[in-house]
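Undergrad: Okay, here's what each chain looks like letter by letter:
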Amino acid sequence: MNDAKNILSRSPQVIIKNVDKVFSSGDKEVIALKEINLTIYSGEFVVILGPSGCGKSTLLNAIAGFSLPTSGKVYANGEEVALPGPDRGMVFQEYALFPWMTVAENIAFGLEIKKLPKQTIREKVDTLLTKLQLLEFRDRFPKDLSGGMKQRVAIARVLALDPPMMLMDEPFGALDALTRRTMQDELLRIWLEFKKTIIFVTHGIEESIYLADRVVVMTYRPGTIKQIVPVELYRPRDVSSPQFISLQKELTSLVMEEQMRFRNEEMREPGRDVSEREENEQVT
Amino acid sequence: MKNRPSFLTKLLYAILLPVFLLALWETLARQGIISPHILPAPSRVFFRWIDYARPHEPYDAGKTNFIAWFFSGELPHDALASSMRVLGGFAIGAIPALVLGLLMGASTFIYRLFNPLIQILRPIPPIAYIPLAILWFGLGNPPAFFLISLGAFFPVLMNTISGVRHVDRLLIRAARNLGANGHTLFLRIILPAAMPYILTGLRVGVGVAFIVVIVAEMIAVNSGLGYRILEAREFLWSDKIIAGMITIGLLGLTIDTAMSRINHHLLRWHSGHE
Numbered sequence: 002m003n004d005a006k007n008i009l010s011r012s013p014q015v016i017i018k019n020v021d022k023v024f025s026s027g028d029k030e031v032i033a034l035k036e037i038n039l040t041i042y043s044g045e046f047v048v049i050l051g052p053s054g055c056g057k058s059t060l061l062n063a064i065a066g067f068s069l070p071t072s073g074k075v076y077a078n079g080e081e082v083a084l085p086g087p088d089r090g091m092v093f094q095e096y097a098l099f100p101w102m103t104v105a106e107n108i109a110f111g112l113e114i115k116k117l118p119k120q121t122i123r124e125k126v127d128t129l130l131t132k133l134q135l136l137e138f139r140d141r142f143p144k145d146l147s148g149g150m151k152q153r154v155a156i157a158r159v160l161a162l163d164p165p166m167m168l169m170d171e172p173f174g175a176l177d178a179l180t181r182r183t184m185q186d187e188l189l190r191i192w193l194e195f196k197k198t199i200i201f202v203t204h205g206i207e208e209s210i211y212l213a214d215r216v217v218v219m220t221y222r223p224g225t226i227k228q229i230v231p232v233e234l235y236r237p238r239d240v241s242s243p244q245f246i247s248l249q250k251e252l253t254s255l256v257m258e259e260q261m262r263f264r265n266e267e268m269r270e271p272g273r274d275v276s277e278r279e280e281n282e283q284v285t
Numbered sequence: 003m004k005n006r007p008s009f010l011t012k013l014l015y016a017i018l019l020p021v022f023l024l025a026l027w028e029t030l031a032r033q034g035i036i037s038p039h040i041l042p043a044p045s046r047v048f049f050r051w052i053d054y055a056r057p058h059e060p061y062d063a064g065k066t067n068f069i070a071w072f073f074s075g076e077l078p079h080d081a082l083a084s085s086m087r088v089l090g091g092f093a094i095g096a097i098p099a100l101v102l103g104l105l106m107g108a109s110t111f112i113y114r115l116f117n118p119l120i121q122i123l124r125p126i127p128p129i130a131y132i133p134l135a136i137l138w139f140g141l142g143n144p145p146a147f148f149l150i151s152l153g154a155f156f157p158v159l160m161n162t163i164s165g166v167r168h169v170d171r172l173l174i175r176a177a178r179n180l181g182a183n184g185h186t187l188f189l190r191i192i193l194p195a196a197m198p199y200i201l202t203g204l205r206v207g208v209g210v211a212f213i214v215v216i217v218a219e220m221i222a223v224n225s226g227l228g229y230r231i232l233e234a235r236e237f238l239w240s241d242k243i244i245a246g247m248i249t250i251g252l253l254g255l256t257i258d259t260a261m262s263r264i265n266h267h268l269l270r271w272h273s274g275h276e
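Protein chains in written order, with the working numbering: chain A, 2 to 285; chain B, 3 to 276.
Any given hint might turn out to be false.
Far from chain A by the CB rule (all over 10 Å, computed), these chain B residues [as the list claims (entries may be wrong)]: (1) A16; (2) L141; (3) G251; (4) G254.
Among chain A residues calculated to face chain B with C-beta under 10 Å, some are [what the hints assert, rightly or not]: (5) I16; (6) N62; (7) G66; (8) P85; (9) G86; (10) G90; (11) E95; (12) F99; (13) P100; (14) T103; (15) G111; (16) K115; (17) V159; (18) F245.
I should point out that these hints are in silico values taken from the structure, not numbers from a laboratory. Quick reminder that beta carbons are idealized off the backbone N, C-alpha and C, glycines included.
Just chain A, with the same shape it has in the complex (with noise of 0.2 Å):
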């Protein structure tokens, strides 16, 4: 189960090279990513770690293709990323559902888009609705749906295009702490079962030790990567055992050093944690 040890065995999947992305609001420039290197291996679970504004989205955008890089090459399943696409299915913290369309049809909505044949499209999208346990929602709408749920849905219409990769943006942040340890859980199963590389982007330190192969902590502002973290720990993960507790304080203690050069910089300008925000605004 450990597969950290077999990364360099494996092709690799994502390589990030000197990736830079700098925002300007005006006259004023934010250093998002700065001499960003990275190299993500087929089949791994990555976890990119690090407090808000330190760009862990901005990177997970730029392998996705929603926001290129500044300068430098995002590279992903051997092709330079441009734009994006199926082949880097992406699962948002806000789930982005398409709202007007029921559960069997949002997982169907990219097998439609890529012109198969209704009963091809039928198969697939059964198949996933009862490999995730959301038979008995297929014909409901989204807002009919607890938060769980919709990540149910958001990661079945992914897999519905059976992508190399899924990239996952906080995509348990919004969920109460019992169903985020089962959705956790739902993913691993998952991660196993489908053989996807994952790269995770999240703030919770705990979250990063129980999924992840590595950890890529992150600093703040400019964004660079602190440290890798491996995590050679047996799943499933006891987070009360010796190793957890002992590898989570080393995250924790590298994550408030970023943090708190957050609040410091927050104290002296507040309001400049701009990043995400002009993200939002400048992502197509």
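Use these hints to put chain B onto chain A, whose structure you have.
TA: Only chain B this time, still in chain A's reference frame:
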């Protein structure tokens, strides 16, 4: 259960005030305290309304079928004439507004091109176009259609534009991530996402069209409910004026209820709906 009034109790509350006012009105009119030319008794209005609505030829099975006969009175003809004008004018105004609104919402270039002109024209009430409409189109249906379509145009346009501009960027990102682009993105994501706004625009547009049709009929046409109540004034038939007004109210209510039902069905996915 004690705190929740039964249907009958609620009905009683609902009709209490109207019944009291009607009784008061009837009494005042019968006692001659108010001149019947100013405010005829509700009973007179009611009988006038029946007279306005009923067929005036005796039923002859050989000449015409029952349904045609039943609706051969003056009121059904007027109501139909007004409805057709609303429908026609609304279609003429709403369809281009919808298309232009989608384009303006989706393209900044088109928005910048059209917006100043629209901002100048929009505050002019459609009724202010009456003199020009008569000069351009003469009397009859054409100026009426013109005015009604003008009334429907702007609400539909403005709501469609903001509908498209308010589409959640996240949904667009998600759709692009799933492989949608170009017209698929537009038809399957932007259009349905903008639908709540568009439907609001259509509903407001029908409402304005209905106001304008009454005014247009008072001035430019000689049929329809608006024409009929103005005609009644010339004969000092205040009972018929009120009967006509009630008909206008009922027709308006019917149109709005129908629109609301359609909205409700189309927006059953929307979180505001049950």
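Undergrad: Hints first: check each against the structure and report whether it holds.
TA: Hints and how they fare:
1. Listed as a non-interface residue, A16/B keeps its Cβ farther than 10 Å from every Cβ of chain A; the least gap is roughly 32 Å.
2. No beta-carbon of chain A comes within 10 Å of the beta-carbon of L141/B; the shortest separation is about 45 Å.
3. Taking the minimum C-beta to C-beta distance to chain A, about 34 Å, the non-interface status of G251/B holds against the 10 Å cut.
4. With a least beta-carbon separation of about 29 Å from chain A, G254/B lies farther than 10 Å from that chain, consistent with its non-interface assignment.
5. Interface hint status for I16/A: violated, as the beta-carbon distance to the closest one in chain B is roughly 20 Å, over 10 Å.
6. Hint status for N62/A: holds, given a least beta-carbon distance of 9 Å to chain B, under 10 Å.
7. Given the 10 Å rule on beta carbons, the hint for G66/A holds: about 8 Å separates it from the nearest Cβ of chain B.
8. The interface hint given for P85/A holds, since its Cβ lies 4 Å from the closest Cβ of chain B, which is under the 10 Å cut-off.
9. Restraint check, G86/A versus chain B: the minimum CB separation of about 7 Å is within 10 Å; hint holds.
10. Hint on G90/A holds. Least Cβ distance to chain B is approximately 7 Å, under the 10 Å limit.
11. The beta carbon of E95/A is positioned within 10 Å of a beta carbon in chain B (closest approach about 6 Å), and the interface hint is therefore held.
12. For F99/A, the interface hint holds, the least distance from its beta-carbon to any beta-carbon of chain B being 6 Å, beneath 10 Å.
13. The beta carbon of P100/A is positioned within 10 Å of a beta carbon in chain B (closest approach about 5 Å), and the interface hint is therefore held.
14. The closest approach between the C-beta of T103/A and any C-beta of chain B is roughly 8 Å, which is under the 10 Å cut-off, so the hint is satisfied.
15. Look at G111/A: its Cβ gets to within about 4 Å of chain B, closer than 10 Å, so that hint holds up.
16. Hint status for K115/A relative to chain B: holds, with the closest Cβ pair at about 6 Å, below 10 Å.
17. With 10 Å as the threshold, the beta carbon of V159/A comes within range of chain B, its nearest partner Cβ sitting at about 8 Å, so the hint holds.
18. The beta carbon of F245/A is not positioned within 10 Å of any beta carbon in chain B (closest approach about 33 Å), and the interface hint is therefore violated.
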